Amino acid sequence: MNSSTSPVSAAGSNCAERPVPPPLWLLAELTYACPLQCPYCSNPRDYPSVRDELDTAQWIDVLRQARALGAVQLGLSGGEPAARRDLETIVQEARGLGFYSNLITSGLGLDARRIEALRAAGLDHIQVSFQAADAVLNDRIAGTRSFEHKLAVARAVKDAGFPMVLCFVLHRLNLHQIPAMLALAEALGGDYVELATTQYYGWALANRTALLPTREQLRQAEIDVAAFRAAYDGPMKIYYVVPDYFEGTPKACMGGWARLHLTIAPDGTALPCHAARVLPDLAFPNVCQQSLAEIWHGAPAFNRYRGTAWVQPPCSTCPEREVDFGGCRCQAYLLAGDATAADPACRLSPHHGRVLEAIDTARREGDAAPLIFRNPRNATREISSADLS
Amino acid sequence: MSGATEAAARIPRLRPGYRLQWEAAQQCHVLLYPEGMIRLNDSAAAILSRCDGQTSLGALIGALAAAYPGETTLAEDIREFIDLARQRGWIELR
Chain A
0 MNSSTSPVSA AGSNCAERPV PPPLWLLAEL TYACPLQCPY CSNPRDYPSV
50 RDELDTAQWI DVLRQARALG AVQLGLSGGE PAARRDLETI VQEARGLGFY
100 SNLITSGLGL DARRIEALRA AGLDHIQVSF QAADAVLNDR IAGTRSFEHK
150 LAVARAVKDA GFPMVLCFVL HRLNLHQIPA MLALAEALGG DYVELATTQY
200 YGWALANRTA LLPTREQLRQ AEIDVAAFRA AYDGPMKIYY VVPDYFEGTP
250 KACMGGWARL HLTIAPDGTA LPCHAARVLP DLAFPNVCQQ SLAEIWHGAP
300 AFNRYRGTAW VQPPCSTCPE REVDFGGCRC QAYLLAGDAT AADPACRLSP
350 HHGRVLEAID TARREGDAAP LIFRNPRNAT REISSADLS
Chain B
0 MSGATEAAAR IPRLRPGYRL QWEAAQQCHV LLYPEGMIRL NDSAAAILSR
50 CDGQTSLGAL IGALAAAYPG ETTLAEDIRE FIDLARQRGW IELR
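Here the protein sequences come in this chain order: A and B.
One point on numbering: in numbering that gives the first Met the number 0, the residue at position 223 of the first sequence is 222, and numbering is uninterrupted.
One point on numbering: in numbering that gives the first Met the number 0, the residue at position 58 of the second sequence is 57, and numbering is uninterrupted.
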């Protein structure tokens with residue numbers, strides 16, 4: 000008796016020939032508000048220009064429509080989702096609809112009482128992020144004193160009986176702490192620990208020279224993870240993936256464009272991935288104007304990179320295209336200047352040299368590079384026509 | 000008490016944080032857990048739906064044998080699946 004561990008059946012190489020699979024994962028970015036200032040934040044560089052957040056009723060409508068389309072995993076993120084006072088209401092609706100709901104939080108805005116309320120509302124799981132394994136480095140990277148509160152929140156999450164993922168975003172400034180991170184995760188009773196690699200878009204791209212690790216650091220990180228695994232025989236699961244910049248093979252970004260994932264930004268913009276707004280020439284629809292079914296099945300921005308019919312050489316003759324879908328469209332645009340190009344993280348990409356250059360620049364200049372923290376002062380502004388007149 | 004008898008008395012349940020449900024959009028049962036999902040075939044779903052924290056493995060095998068008569072290797076298949084599910088962390092046995 001075998002169970003399938005594949006989340007979906009094989010991808011269609013030409014979306015016109017096969018039905019579009021349902022968006023199994025819905026990421027609801029409830030707000031861009033956040034008390035932290037992490038320099039690798041995945042929110043847009045111009046996030047303060049997004050002002051009109053969906054209200055409670057609009058989010059509930061999004062949940063209903065997404066569930067009807069087949070979405071079953073729900074990520075509640077941000078910004079800091081706990082900044083929304085209606086979080087409990089949204090969670091309760093999600094549970095009633097049959098979602099498995101995951102709260103992705105910095106811990107700020109939560110306390111034991113609110114965690115109990117989320118439990119009662121039917122939340123399934125909480126992921127708490129840490130910026131480092133100790134207060135000094137954590138608070139420096141977060142740009143906010145937060146470490147002690149995160150510890151208290153993690154304990155309250157376990158006390159409430161939630162399964163808990165602890166997420167550490169890794170980069171040059173904290174990679175040496177992997178042994179301490181894993182020890183902290185074990186001490187806090189984490190069920191899963193995610194050693195997540197910084198992805199270089201938006202804020203992280205602006206900080207890439209300061210954040211990209213050296214090859215030596217990554218070698219040591221692999222040794223540290225392997226050593227912990229060898230010595231540990233408890234139930235905690237450890238996820239660690241070598242970053243695509245160093246691997247020479249692109250990631251199957253989002254499991255394929257508009258194939259599994261649907262992100263709704265705080266203002267209702269629908270995206271195949273939370274970074275996709277950087278892509279030019281794509282008009283992303285908004286749930287205030289169109290139904291989710293129309294968006295998922297019919298929006299040109301969602302169909303643009305579905306499947307693999309659109310890929311160029313070297314992807315078009317590469318058997319890996321059905322595995323990695325040519326890699327990440329945002330990375331192709333940001334590094335190669337062409338969103339239809341092969342992801343430059345791939346060693347077969349004609350632009351792979353730009354990735355190698357970035358690694359080399361960071362090796363030489365990384366220690367001296369300043370950090371640009373994610374806050375309104377450092378945000379870029381969208382230039383409106385009013386500014387030009 | 001033999002090993003087999005001892006195993007039959009043990010009671011499986013889904014690991015906390017895991018949820019089994021039918022998904023109409025996928026026309027299958029799925030097992031949901033933090034940030035993940037496993038699609039289940041009918042036999043896996045039939046077994047896991049009986050891992051309720053009250054039914055012993057012996058009773059579970061008995062119930063499925065009654066539901067699917069003629070399956071000669073049923074008991075063995077179920078034990079194998081239970082082992083796999085425990086290794087993957089989907090269920091706990093007490």
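Hints are computed from structural coordinates only; laboratory data are not their basis.
Any given hint could turn out to be false.
[To be verified] Some but not every residue of chain A turned toward chain B, in silico, with C-beta under 8 Å: (1) Leu23; (2) Gly69; (3) Val71; (4) Gly97; (5) Ala120; (6) His124; (7) Asp158; (8) Gly160; (9) Val164; (10) Asp190; (11) Tyr191; (12) Phe283; (13) Asn285; (14) Gln289; (15) Pro318.
The structure presented is a predicted model; accordingly, all values stated were derived computationally and were not measured.
Note that the Cβ used here is the ideal one computed from N, Cα and C, for glycine as well.
Checked hints:
1. Leu23: It holds, given that the least Cβ distance between leucine 23/A and chain B is near 7 Å, below 8 Å.
2. Gly69: 3 Å, holds
3. Val71: Check passed: Cβ of valine 71/A comes within 6 Å of chain B, closer than 8 Å.
4. Gly97: Check passed: Cβ of glycine 97/A comes within 6 Å of chain B, closer than 8 Å.
5. Ala120: 15 Å, violated
6. His124: Interface hint status for histidine 124/A: holds (4 Å vs cutoff 8 Å).
7. Asp158: At about 13 Å, which exceeds the 8 Å cut-off, the nearest Cβ of chain B leaves the hint on aspartate 158/A violated.
8. Gly160: Interface hint status for glycine 160/A: holds (7 Å vs cutoff 8 Å).
9. Val164: 5 Å, holds
10. Asp190: 7 Å, holds
11. Tyr191: 6 Å, holds
12. Phe283: Cβ of phenylalanine 283/A sits 24 Å from chain B, so the hint is violated.
13. Asn285: Result: violated, 24 Å to nearest chain B Cβ.
14. Gln289: Violated, about 20 Å.
15. Pro318: The hint is violated - proline 318/A has no Cβ within 8 Å of chain B, the shortest such distance being about 25 Å.
Hint compliance for this structure: hints 5, 7, 12, 13, 14 and 15 are not met, and every other hint is.
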